[in-house]
Amino acid sequence: MIFPDAGAREFPPYSTDACVKCNVCTTVCPVARVTDAFPGPKYVGPQAQRFRGPSLSHTPPDRTVDLCSGCGICTRACPHGVLIAETNSRARAAIVERRGSSFRNRLISDTDLMIRAGAPLAPLANIALRNRMARWIGEKVLGVHRRGPLATFSRQTFGSWWKRSGGARTLPASPDPAKSVVYFHGCAVNGFEPDLGRDAVEILERNGFTVIVPRQECCGLPFISNGLYGKAREKAGRNLATLAEFARAGYRIVGTSTSCTHAFKAEYREMLDLADADAAAVADATWDICELLLDLHDRGELDTGFAPMVGLLPYHPPCQLKSHGIGTPAMDLFALVPGLRAVDSDHDCCGAAGTYGLKAERWQIAQDVGEPLFAKVRASGAARAACDSETCRWQIESSTGVPTVHPITILAESYRRADAQKTEPWRRIM
Amino acid sequence: MPPNRLMPRADTVVIGAGLAGLSCAAELAERGASVFLAAKGMATTHWTHGALDVAAPADAVTPRDGVRLLARSGAHPYRLLGGDVDAAVSGHLSRTADRGLAHTGSLDAPLVDMPTAIGSLRRVAIVPAGQAAAVEPWRGDALVLVGFARYRDAWASYAARNLANAEWEGGPGGISAVEVELPETDRLHNFNALTLSRLFDDPVWRAQALAAVASALPSGSARLGLPAVLGLDRHAEVLADAEQITGRRIFEVPSLPPSIPGLRLFEALHARILGAGGRIQIGFDVVDIEREGSRVAAIHTEAASRTLRLAADSFVLATGGIAGAGIRARPDGTLHERVFGLPVAAPPRDEWFSDDPLRPHPLEAAGIEVDAELRPAELENVRVIGSALAGMHYLDQRCGDGVALASAHLAARSLAGTTAAAA
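Keeping their order, the protein sequence lines are chains A and B. Going by the working numbering, 23 is the number at position 23 of the first sequence; the sequence numbering is gapless. Going by the working numbering, 460 is the number at position 30 of the second sequence; the sequence numbering is gapless.
Quick caveat, the hints were computed from the structure, so don't treat them as lab data. Keep in mind it's a predicted model, so treat the numbers as computed, not measured. Ideal Cβ positions, reconstructed from N, Cα and C, are used throughout, including at glycine. Please note: incorrect hints may appear among the correct ones.
As the list claims (entries may be wrong) - Anything over 10 Å on all C-beta distances counts as not near chain A; from chain B, calculated:
(1) Trp598
(2) Glu599
(3) Ala607
(4) Glu611
(5) Ala637
(6) Asp801
(7) Glu808
(8) Leu825
(9) Gly847
To be verified - If you only want the chain A side, here are some residues facing chain B, beta carbon under 10 Å, derived:
(10) Val24
(11) Tyr43
(12) His80
(13) Met133
(14) Ala134
(15) Lys265
(16) Ala266
(17) His324
(18) Asp332
(19) Asp344
Modelling step: build the complete structure from the supplied sequences, incorporating the hints.
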């Protein structure tokens, strides 16, 4: 960063003074790659910011900034440390504050509400989600694209499964942060992919941790992505109140969704201006699950008794993961599984970007962004693919037809296979 | 954290994603080492012209000649790299050719003038296939520079006028310019090199555009110089189509950043590293190092929270010189190297002035001094490569790419040797 002391992390738009207009951000922007309607990160970001003034009220941001999908690739590519995507997110929020938001955007951001409404009606809701007529109506009435990648509801949420199975929910009287972790399952595991949550718990327990799953809400990221900062702050406030207690007691908070964990680590502070001690404690305590497992491995403490898994596995490291700055820990973990040939997709973005790829007017952009990735996954001939972020998994799966799972699913299967081989040695020749 | 209990994340961590860092990481990965490349952002590949500047000091006839002349000068990095230039260049050419980016020329090819976007001349001998037609002997052929209507980053008529006045020895028999109206571009909001290169990747648009170019050409044989936008992912195909449809030999003239030939190079090396099992992380600066005596045990890069600790057996510093921000000037007039705080060899503050800012500027030669294996003072498991090295005037000597490749090769060779010896 050119001006490391300018407080850029506290207020990203300040960092735009460091822009030298080299256009590197434009070369990496996946949205500008596929549509001429988006002028690119430099124009809507640092260039436009210079006319807006710090409060963003001087000259209201131009609507084109709303075409930014928020993937964050521009920020990482910038040689000069300009926080481009963060600046664009704030500009979108300023537009929403002035002009309001659509009913559609408020609805698809509210994942807690969707799960509360959808889970009890799961069989019915899922029929609707798979029904072409219902989806067509959804597109015409709500603006949710009929082919937008939506997962199907689980009848039992992860939260209620955890409650029924008697799992720990609160801080124990005598905390043991070295041997316990807090699991933040997020909305995807709670409402749509509870099996992933069970796999995560199984792996954490196998590696010696007691798992605590406190009551939680949506991290608020969908609201942030849609410029609804007020709603996001409500969600963030309630999650921080719960999680900070654990963080201060020395617990690590581990998540299977790279977007929820990134919200705790970065967005709460860099976009929502949550600068208090609770936010800092939670940010410092938050780990992506693969990051945590690789850290265990670095210390020589990971159970590496993985059974062989044969075959090619296309792996797409999602944008949110890359913004963590933790490398690609899943690739390093896959390397511990004998026989597994994981291949990095070497593609920027799948296009989904949370709720972006669901919107009727954005769906085609999201498809075009992800198409080279879809082509690679299809051409690989692999039986499945892996990706750490839920909406990316759904996007890849719905656009390729190749089942796409979290890296944890693969690791859990490998562990289970190892167990089976111990008790039933004949399985080893299978 | 208890550092001594931790296992290393990689054999080698390479810091910097320019030509030097990318090549070194690629070669180490090809040699079977586990490599992690960490960079704070994209580097100068996105700004360069795409030809290989190995050495072109004024008196040199070929790049090999230039390397010999520079190596003799006493302080130039080539005094240490002379034996590595051949292998480094051929390694680079085969590595990029494997990713569909062929080159022409060699260390023994004559350095010849080729035109720039503003109509000046630069001396090259090894160029990507897209620039090959510019270095073939002209033998009286005419040159037609092609510009595109409303494209702001390359002005064919301006370049042609300047070239007509340039002392271009052995140059074309005549120089003229035409402006072509490309299909559908009048409605584009973004009309830059990137947009154009992606349009050329599309076979349907490409056929229409090349037909428009062909019909705008004056009759008679000539070679064509087009802005360097002939495709990004399908460049070889675009180039072949362009020559076939126009019936002329064609070369690309690199224009303003972002450089499309540079992007092709970055993509080729990036894919090569991942394909060989390396890891790449771009976007996070080094914020801390762990030293154990004369060794670096780990670096820490910034992260969304905490830091990423990268422990390794060895570290390669490829963060560039002053232009690449690997070296920074402090207000007190001293220079400092940003990652390891290595001493920087530089002229005193009152000698930082020069009548001509470009040729050769005293600060250009500032950098890190190293031993025969590219180790800086005091750090035995670190190698310094590329423009961070002291003693070169890369603008005047046109040696930046050659030093990058040769030092990357020497570092990879030397580190692979130590890893093999240790194992």
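Hints, one by one, checked against the model:
With a closest Cβ-Cβ approach of about 30 Å to chain A, Trp598 of chain B is found to remain outside the 10 Å limit, as its non-interface label requires. Every C-beta of chain A lies more than 10 Å from that of Glu599 of chain B, the closest at about 34 Å, which supports listing it as non-interface. The Cβ of Ala607 of chain B lies farther than 10 Å from every Cβ of chain A, with a closest approach of about 25 Å, so its non-interface assignment holds. No Cβ of chain A approaches the Cβ of Glu611 of chain B within 10 Å, the least distance being about 18 Å, so the stated non-interface status holds.
With a cut of 10 Å on Cβ distances, Ala637 of chain B stays outside the contact zone with chain A, its closest approach being about 20 Å. For Asp801 of chain B, the shortest C-beta to C-beta distance to chain A comes to about 30 Å, beyond the 10 Å cut-off, and the non-interface label holds. Every C-beta of chain A lies more than 10 Å from that of Glu808 of chain B, the closest at about 26 Å, which supports listing it as non-interface. Listed as a non-interface residue, Leu825 of chain B keeps its Cβ farther than 10 Å from every Cβ of chain A; the least gap is roughly 18 Å.
Consistency note on Gly847 of chain B: stated as away from chain A, and its beta-carbon is indeed over 10 Å from all of that chain's, at 24 Å minimum. Contact between Val24 of chain A and chain B, as hinted, is supported at the beta carbon level, the nearest pair being about 5 Å apart and thus within 10 Å. Taken as an interface hint, Tyr43 of chain A checks out: its beta carbon lies about 8 Å from the nearest beta carbon of chain B, inside 10 Å. Proximity of His80 of chain A to chain B holds as hinted, the smallest CB-CB distance being about 7 Å (cut-off 10 Å).
For Met133 of chain A, the shortest C-beta to C-beta distance to chain B is roughly 35 Å, which exceeds 10 Å, and the interface hint is violated. Given the 10 Å rule on beta carbons, the hint for Ala134 of chain A is violated: about 36 Å separates it from the nearest Cβ of chain B. Contact between Lys265 of chain A and chain B, as hinted, is supported at the beta carbon level, the nearest pair being about 4 Å apart and thus within 10 Å. For Ala266 of chain A, the interface hint holds, since its Cβ comes within 10 Å of a Cβ in chain B; the closest pair sits about 4 Å apart.
At about 5 Å, the closest approach between the beta carbon of His324 of chain A and any beta carbon in chain B falls short of 10 Å, and the interface hint on this residue holds. A least Cβ separation of about 8 Å between Asp332 of chain A and chain B falls short of the 10 Å threshold, and the interface hint therefore holds. The restraint placing Asp344 of chain A at the interface with chain B holds, with a minimum CB-CB distance near 5 Å, inside the 10 Å limit.
Hints 13, 14 from the list above are not met by this structure, while the remaining hints are.
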